[in-house]
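A.B. asks: Here is what each chain is made of, one letter per residue.
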Amino acid sequence: MAKERGWQARLFRGLPAEHEAKLIPLLQQVQKAYGYLPPDALERVADELGVPPTRVHGVASFYRQFTDAPRGRHTVQVCLGTACHVGGGKGIRDVLTQVLGIQPGATTPDGAITLEEVHCLGCCSLAPVIVVDGVAYGRNDRKKALRTLMECYDHEPPGA
Amino acid sequence: MSSGGVELTIDGIRVVVPTGTPLLEAAREAGIEIPHLCYHPALSSAGTCGLCVVEVDGKLAQACREAASHGSDVRTEGGRIGQLRRLILELILSDPPRDCLTCEQAGSCDLQRYAYRYQLDANRFLGPDHERREAAPREDNPFIRYEPEKCVLCGRCVRACAEIQGRHVLGYAGRGFATEVASAFRGPLTETSCEFCGQCLAVCPSGALSERGRRFTAGEWELQAVQTVCPFCGCGCPLTLHLAEGRIVRVSGGRDGFRLCVKGRFGLSFVHREDRLRVPLVRRQGAHTASSWEEALGLLADKLRAIRGRYGPQAIAGLSSAKCTNEENYLFQKLMRAALGTNHVDHCARLCHAPTVAGLAQAFGSGAMTNSIDDIEEATCILVTGSNTTEAHPIVAQAIFRAVRRGARLIVADPRRIELADIADVHLRQRPGTDVAWLNGLAHVILAEGLWDRAFVEQRCEDLDALREAVEPYTPDVVEELTGVSDADLRRAARLYAGAERATFVYSMGITQHTSGTDNVLAVANLAMLTGHIGRHGTGVNPLRGQNNVQGACDLGALPNVLPGYQRVSDPEVRAKFARAWGAQVPVESGLTAVEIVDAARAGSIKALLVMGENPMVTHPDQRHVREALEALDLLAVVDIFPSETAEFAHIVLPAASFAEKDGTFTSTERRVQRLRRALPPPGQALPDWEILCRLSTRLGFSMAYGHPREIMDEIASLTPIYGGISYARLEGEGLQWPCTSPDHPGTSVLHQQAFTRGKGRFHPVRHHGPSEPPDADYPLALTTGRVLYHFHSRTMTRRVGGLQEMVPEGYVEIHPEDASRFKLETGALVRVTSRRGSIVTVARVTGRAQEGTAFVPFHFADAAANALTARDTLDPDSKIPALKACAVRLEPVVLD
Numbered sequence: 004m005a006k007e008r009g010w011q012a013r014l015f016r017g018l019p020a021e022h023e024a025k026l027i028p029l030l031q032q033v034q035k036a037y038g039y040l041p042p043d044a045l046e047r048v049a050d051e052l053g054v055p056p057t058r059v060h061g062v063a064s065f066y067r068q069f070t071d072a073p074r075g076r077h078t079v080q081v082c083l084g085t086a087c088h089v090g091g092g093k094g095i096r097d098v099l100t101q102v103l104g105i106q107p108g109a110t111t112p113d114g115a116i117t118l119e120e121v122h123c124l125g126c127c128s129l130a131p132v133i134v135v136d137g138v139a140y141g142r143n144d145r146k147k148a149l150r151t152l153m154e155c156y157d158h159e160p161p162g163a
Numbered sequence: 061m062s063s064g065g066v067e068l069t070i071d072g073i074r075v076v077v078p079t080g081t082p083l084l085e086a087a088r089e090a091g092i093e094i095p096h097l098c099y100h101p102a103l104s105s106a107g108t109c110g111l112c113v114v115e116v117d118g119k120l121a122q123a124c125r126e127a128a129s130h131g132s133d134v135r136t137e138g139g140r141i142g143q144l145r146r147l148i149l150e151l152i153l154s155d156p157p158r159d160c161l162t163c164e165q166a167g168s169c170d171l172q173r174y175a176y177r178y179q180l181d182a183n184r185f186l187g188p189d190h191e192r193r194e195a196a197p198r199e200d201n202p203f204i205r206y207e208p209e210k211c212v213l214c215g216r217c218v219r220a221c222a223e224i225q226g227r228h229v230l231g232y233a234g235r236g237f238a239t240e241v242a243s244a245f246r247g248p249l250t251e252t253s254c255e256f257c258g259q260c261l262a263v264c265p266s267g268a269l270s271e272r273g274r275r276f277t278a279g280e281w282e283l284q285a286v287q288t289v290c291p292f293c294g295c296g297c298p299l300t301l302h303l304a305e306g307r308i309v310r311v312s313g314g315r316d317g318f319r320l321c322v323k324g325r326f327g328l329s330f331v332h333r334e335d336r337l338r339v340p341l342v343r344r345q346g347a348h349t350a351s352s353w354e355e356a357l358g359l360l361a362d363k364l365r366a367i368r369g370r371y372g373p374q375a376i377a378g379l380s381s382a383k384c385t386n387e388e389n390y391l392f393q394k395l396m397r398a399a400l401g402t403n404h405v406d407h408c409a410r411l412c413h414a415p416t417v418a419g420l421a422q423a424f425g426s427g428a429m430t431n432s433i434d435d436i437e438e439a440t441c442i443l444v445t446g447s448n449t450t451e452a453h454p455i456v457a458q459a460i461f462r463a464v465r466r467g468a469r470l471i472v473a474d475p476r477r478i479e480l481a482d483i484a485d486v487h488l489r490q491r492p493g494t495d496v497a498w499l500n501g502l503a504h505v506i507l508a509e510g511l512w513d514r515a516f517v518e519q520r521c522e523d524l525d526a527l528r529e530a531v532e533p534y535t536p537d538v539v540e541e542l543t544g545v546s547d548a549d550l551r552r553a554a555r556l557y558a559g560a561e562r563a564t565f566v567y568s569m570g571i572t573q574h575t576s577g578t579d580n581v582l583a584v585a586n587l588a589m590l591t592g593h594i595g596r597h598g599t600g601v602n603p604l605r606g607q608n609n610v611q612g613a614c615d616l617g618a619l620p621n622v623l624p625g626y627q628r629v630s631d632p633e634v635r636a637k638f639a640r641a642w643g644a645q646v647p648v649e650s651g652l653t654a655v656e657i658v659d660a661a662r663a664g665s666i667k668a669l670l671v672m673g674e675n676p677m678v679t680h681p682d683q684r685h686v687r688e689a690l691e692a693l694d695l696l697a698v699v700d701i702f703p704s705e706t707a708e709f710a711h712i713v714l715p716a717a718s719f720a721e722k723d724g725t726f727t728s729t730e731r732r733v734q735r736l737r738r739a740l741p742p743p744g745q746a747l748p749d750w751e752i753l754c755r756l757s758t759r760l761g762f763s764m765a766y767g768h769p770r771e772i773m774d775e776i777a778s779l780t781p782i783y784g785g786i787s788y789a790r791l792e793g794e795g796l797q798w799p800c801t802s803p804d805h806p807g808t809s810v811l812h813q814q815a816f817t818r819g820k821g822r823f824h825p826v827r828h829h830g831p832s833e834p835p836d837a838d839y840p841l842a843l844t845t846g847r848v849l850y851h852f853h854s855r856t857m858t859r860r861v862g863g864l865q866e867m868v869p870e871g872y873v874e875i876h877p878e879d880a881s882r883f884k885l886e887t888g889a890l891v892r893v894t895s896r897r898g899s900i901v902t903v904a905r906v907t908g909r910a911q912e913g914t915a916f917v918p919f920h921f922a923d924a925a926a927n928a929l930t931a932r933d934t935l936d937p938d939s940k941i942p943a944l945k946a947c948a949v950r951l952e953p954v955v956l957d
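Residue numbers (this note's numbering), protein chains in the order written: chain A, 4 to 163; chain B, 61 to 957.
By construction, these hints were calculated from the structure, which means they are not laboratory data.
All figures in this text were calculated on a predicted structure; none of them were measured in a lab.
It cannot be assumed that every hint is accurate.
Facing chain B, from chain A, some residues (calculated, C-beta under 7 Å) [what the hints assert, rightly or not]:
#1 Pro55
#2 Thr57
#3 Arg58
#4 His60
#5 Ser64
Where is the CB? At the ideal position from N, CA and C, for every residue including glycine.
Construct the complete structure from the given sequences, taking the supplied hints into account.
C.D. replies: This is the structure we're talking about:
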């Protein structure tokens with residue numbers, strides 16, 4: 004049996020361009036609010052904008068900035084761009100995966116940290132670089148990177 | 061050069077094409093096929109694959125997006141064009157699929173064809189495997205298989221889903237090498253609004269989307285193609301069956317070469333079922349036992365002769381079949397009239413469009429769809445009433461979608477919030493059984509506001525004063541009182557319909573299946589005439605016929621009061637003409653209608669009943685009464701392809717050939733006569749119905765000797781003016797639309813263009829009487845019945861198709877949330893539905909699509925049979941159709957101990 008489709012009526016006579024233009028900003032807001040894009044929220048976005056859910060999902064799954072899995076409270080990105088790679092980025096990544104017990108792309112079971120691998124952040128003069136919650140920390144070695152990581156935990160509320 | 065055209069040279073060939081034609085299409089005119097993957101003529105152009113690159117005056121251009129320009133010189137091959145195409149193909153195939161050796165598409169794959177054409181024997185870009193290549197084939201539904209590694213991401217499927225079917229189920233997901241075509245959140249298609257029309261796989265240029273059941277059945281090169289016609293609804297879609305070793309492997313075709321619905325594309329495997337009838341059966345000591353044709357037909361002929369001898373020919377009746385061919389219907393009525401001597405012949409049109417045949421004949425002189433299916437796309441306003449078009453006539457729904465997409469206004473009048481209501485400008489939600497009131501209300505507003513077409517009415521119509529007087533009392537406030545349709549909505553609908561340049565009426569059984577069925581049809585006809593919306597393209601009165609050949613069964617005289625071509629039995633000249641041709645008298649008295657035949661059988665005046673391809677146990681109203689009637693017969697003979705619920709009662713059961721196993725013609729709802737072609741031998745000893753009829757008739761002493769259905773059609777043409785120009789030689793292409801009166805007549809796509817068939821169109825005053833069985837304290841809900849997309853009629857065919865059965869395995873009753881809480885029901889709860897005639901237990905489905913105070917039961921399911929509830933004794937006085945759409949019921953939750 005066909006599902007009932009709130010978005011379809013409006014869509015049918017042609018989608019106003021501004022609705023599609025609103026899609027990405029709205030997804031960004033959702034991601035900010037939840038830390039990721041829950042499917043229910045995407046259905047709601049589709050309904051609000053009159054954009055088919057497939058299109059919403061298409062956009063959400065296309066851009067790297069969006070994620071469909073719940074994220075940690077903190078995001079740690081390790082750069083493996085050319086300069087960072089030469090400067091030992093791989094070793095830094097390895098020590099972080101070892102300490103956190105997760106692979107890049109995953110989140111620690113306590114929900115504290117999401118570890119990501121990125122390829123050049125445009126600050127090669129600081130190589131090797133890690134980024135914690137949007138703040139770049141440069142000229143790392145394994146020890147310094149670990150220290151920076153530990154600071155995340157310092158900012159955690161007690162018992163979290 | 062013609063006006064509005066451009067002339068250009070393509071590979072040295074001069075062509076003239078209309079302004080705006082893409083180069084790719086202009087090249088087709090010159091007989092040149094430009095390679096392409098993402099382009100499809102019926103879809104918007106995406107311009108993503110780049111393969112159609114050509115040179116226009118030396119500059120590179122995309123042939124799918126560049127319009128032909130006057131005086132330009134286009135090169136489609138050679139030099140850098142070939143190199144570029146090769147490069148593009150190398151990039152597409154940098155991640156090549158691994159099973160080209162065993163791919164279902166091999167041999168008809170565009171990608172393979174182009175790779176060969178551009179000699180892709182090596183690839184500079186071969187890389188390591190990526191996610192998409194690793195992805196497993198997806199088979200999350202009964203019908204469609206998707207293999208991401210074969211997908212070239214051309215997006216044809218995505219666009220077909222959105223633009224043709226209006227579904228937007230498919231989209232792109234992911235990025236880079238992992239990009240694939242998927243539903244939202246990659247969920248199974250069965251959990252989306254997918255209708256499994258399969259347009260996506262029909263337009264797929266590679267093997268990425270294919271028929272799920274097809275894997276490892278046969279390669280493309282082993283297939284034999286047979287052109288034929290879909291056996292399900294009245295849309296009459298042309299089909300191509302692709303067969304190997306006597307099995308249907310896949311189905312293609314449809315309108316525009318790819319538009320079909322789930323039943324036509326995925327629903328034909330019933331012909332191969334093991335439980336097909338294979339031998340004649342004769343009842344002995346209460347049980348059906350296998351017999352020979354010789355014995356079964358001998359017995360049948362003897363019994364018929366005995367009954368005729370003892371009780372006279374009026375004790376014999378026949379139900380012909382809207383599923384059988386024109387030729388078979390013609391022979392059936394000829395057998396009844398000439399060989400047996402009775403006009404007691406009718407068929408299931410009595411239960412669907414008898415009021416259309418009666419009403420439109422009175423108003424216009426011809427009781428059929430006035431325009432064509434494609435013609436609906438020309439309308440600027442469409443009024444749909446009593447037709448759940450998306451489920452019952454999916455291909456007509458596509459025409460409505462396309463018109464609306466182009467800006468046409470849509471008015472839906474239906475008690476249920478059917479899917480079309482979602483995209484309608486106005487939804488009039490009348491209470492069941494109140495159609496005359498709102499239709500008259502529209503006429504009232506149109507007259508009161510001066511919106512009618514004075515010139516048309518004065519020149520082409522008569523009896524306007526009668527209409528004026530009749531609709532006078534139907535002021536918007538009275539109509540609101542009677543129907544529940546608001547004053548504002550009624551006025552808005554009247555203005556949209558009357559004010560449109562070209563408006564068309566599309567209706568179906570929601571209009572006809574009432575005691576006021578003929579009046580409803582007359583009220584519709586009144587509106588079309590009053591506004592001049594008839595006799596032109598994009599206008600008309602368009603009843604959608606339900607069965608593949610219900611139009612033809614009516615046309616060929618499987619009706620008790622008319623001979624083929626609607627020539628009246630009561631006319632002595634007509635009878636004389638047929639008597640001369642047949643060498644037998646045509647009985648004078650009009651016969652009984654289908655419902656009356658069953659009544660007469662129960663009462664004992666009909667002793668013998670021949671049933672060809674019908675299943676009255678499930679399709680006739682008041683099942684208990686039907687059972688008693690069948691049990692009372694001295695002789696019941698059933699010709700069918702499966703053992704049906706009706707065949708269980710038969711004394712003799714004869715096995716028939718299915719649509720795929722015989723030649724003949726079907727006439728679709730748009731009056732199009734099309735060729736059905738034999739693709740397979742019938743199973744066992746089964747025979748085409750026409751051969752069975754010939755053998756039986758000859759045994760009855762009335763010789764029928766035809767070597768092939770083409771000879772029957774020649775006889776039909778000689779006796780039936782509207783089919784006068786039809787012959788098999790002329791039906792090779794798209795068929796012919798009647799009236800087609802002579803061998804050089806081109807057929808008629810729009811009726812009543814210069815004058816109505818009867819001369820002047822006649823207004824008929826009609827009055828609101830209300831439903832025959834209104835809800836009351838004991839039976840507080842109005843019951844309506846109808847179809848679902850995945851099934852057809854008594855499900856004799858569709859319940860034998862796994863996928864269709866999986867989609868909707870059982871019956872249900874649809875009710876409004878308010879009524880659900882009143883009767884303490886929720887979705888999924890077992891519920892007993894009871895009318896004055898019987899009761900069924902089924903499953904509740906609670907939805908806002910139902911109107912408060914109404915309940916809807918699909919009529920397909922024998923185990924929760926709508927006809928256990930419906931009434932047979934409330935008939936439309938003119939057409940004798942029973943009021944199937946409005947009876948009163950009550951609901952009770954069923955508590956299991």
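A.B. asks: Does each hint hold? Answer for all of them.
C.D. replies: These are the hints, each one checked on the structure:
A distance limit of 7 Å between C-beta atoms decides the matter here; for Pro55/A the minimum to chain B is near 3 Å, and the interface restraint holds. The interface hint given for Thr57/A is met, as the beta carbon of that residue sits about 3 Å from the closest beta carbon of chain B, less than 7 Å. About 6 Å separates the beta-carbon of Arg58/A from the nearest beta-carbon of chain B, less than 7 Å, and the hint is met. Given the 7 Å rule on beta carbons, the hint for His60/A holds: about 5 Å separates it from the nearest Cβ of chain B.
Proximity of Ser64/A to chain B holds as hinted, the smallest CB-CB distance being about 5 Å (cut-off 7 Å).
Checked against the numbered hints given earlier, this structure breaks none of them.
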